[in-house]
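Working from the sequences, and respecting the hints, build out all of it.
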Amino acid sequence: MSLRSFIVMLLFVALPFTALAGEKAKTIDELAKMYDVSSCKQCHAKIYEEWEKSAHAVSMVGTGRVIGGTRGFLNALKTFKFSGVNDPAKDITVEHLKPCWDCHLPQLKDATDDVAKEIVKAYLADPADRKTLNKLGINCLVCHNMRAINRKWQDGDPEHGVVYGTKEGAHPDKAYTKMKKSPIIKEAVMCAYCHGLGPTFYDPAPTQCATLYGSYLHAYLPAGGNQTCQDCHMEKGSHRWPGFITQGETVMKQPNRAFDVEVIATPYQFLERVGNLIPKTNLTVKITNKAGHRIPDA
Amino acid sequence: MDVTAKTKDGKEVFSDRKIYMLECSDSRGFEAPSDVMKYGAQVKMGYIVESTFMPLQTKVEKYEIKFPYEDVEEGGKKVRKIKAKEMDIDIVLRWQNDPDPNTVGKDSYILFQTTKNVKIR
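Sequences listed follow chains G and V, in order. Per the working numbering: the first sequence = residues 11 to 308. Per the working numbering: the second sequence = residues 39 to 159.
These are computed hints drawn from the structure, not numbers from a lab. Heads up, a few of these hints could be off.
[Unchecked claim] Here are the computed lysine-lysine pairs in the DSS-like style, where the Cα-Cα straight-line distance is at most 25 Å:
#	chain 1	residue 1	chain 2	residue 2
1	G	Lys-34	G	Lys-196
2	G	Lys-296	V	Lys-56
3	G	Lys-296	V	Lys-97
In structure tokens:
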């Protein structure tokens with residue numbers, strides 16, 4: 011093999027990896043910029059505005075409970091003998107946060123441990139630094155790129171510069187220039203990675219956060235249900251994902267829709283035995299959950 | 039879900055609260071009792087009790103609520119006096135973000151609420 015052929019072969023092998031690898035973000039601001047989605051707004055204004063008001067957009071804070079939960083996790087790491095964490099502010103690495111970031115901020119895979127420490131600082135501040143935490147969240151690129159493929163040996167890793175959805179073709183954006191079909195984007199399984207099955211046994215510090223998809227698989231479908239998550243939570247293409255826990259005014263809409271409640275009250279005098287009439291009401295409350303998962307669930 | 043019955047003069051004669059949720063343990067029975075419910079994603083691993091509303095299923099709750107009465111002696115006979123023949127029964131089903139009911143609409147969202155007026159003759 012000539013030197014030229016060898017170099018060409020080496021470039022062929024090496025290029026895809028160097029193109030995908032890129033530099034890791036060293037600050038929260040760098041990570042936010044790396045995954046900036048503000049350009050999406052130009053063409054998808056309505057969807058963008060819906061997303062901004064969704065719980066996904068504030069996945070590091072949620073209703074505030076994510077702050078409490080993450081603080082609990084960080085403090086627990088100190089007590090785990092083999093975690094290597096004595097002082098969360100100093101010792102936390104990206105790897106330590108994986109049980110949380112895998113769903114709350116998958117972008118963190120492209121960040122250095124400095125970013126992990128910055129995130130910890132924001133969580134442990136008193137009060138928590140919500141402004142900093144809300145620079146990051148589940149945005150367009152998480153669902154339309156990072157999590158759009160779940161069988162990577164079959165379909166390959168999500169490609170840089172590609173927006174995954176329901177269409178193929180050119181995409182008028184400077185950074186994301188192509189559209190490709192995601193095999194799962196309209197399926198319930200699209201939501202399953204994070205709205206999951208139960209304990210994450212594959213983590214060294216397993217967490218039991220989300221159990222919702224397990225309920226969908228093992229209770230809703232066997233009961234005869236045939237709707238997807240998107241049918242109810244993305245009705246008419248909405249990117250607000252209404253549910254119990256979301257931002258703002260639509261919080262009540264979805265749960266009210268999920269329940270049918272019937273109340274039957276029967277006042278009468280019960281003849282326990284001769285001469286002993288007990289005045290009472292038999293009250294029956296029938297509550298039917300019409301949703302595709304248990305309630306409450308996550 | 040809170041069920042409360044009051045007579046027309048506002049006196050509470052019945053109250054019951056049921057909580058529906060995944061009640062989790064850490065499944066680490068060898069070092070601590072695993073029958074103790076736990077909070078915290080990093081701690082939970084498995085359920086002790088599953089009392090949630092299951093999809094496409096109907097949960098039926100039944101209550102027996104007595105009208106207030108007392109037995110008195112009249113002319114050497116025991117007579118049952120019904121102290122109130124009318125009650126309002128409030129049924130409130132709500133989503134509770136935290137264990138304590140705080141501000142409705144902030145931490146506590148009412149999903150269903152009704153009042154049943156019941157009377158006996």
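*If you check each hint against the structure, which ones fail?*
1
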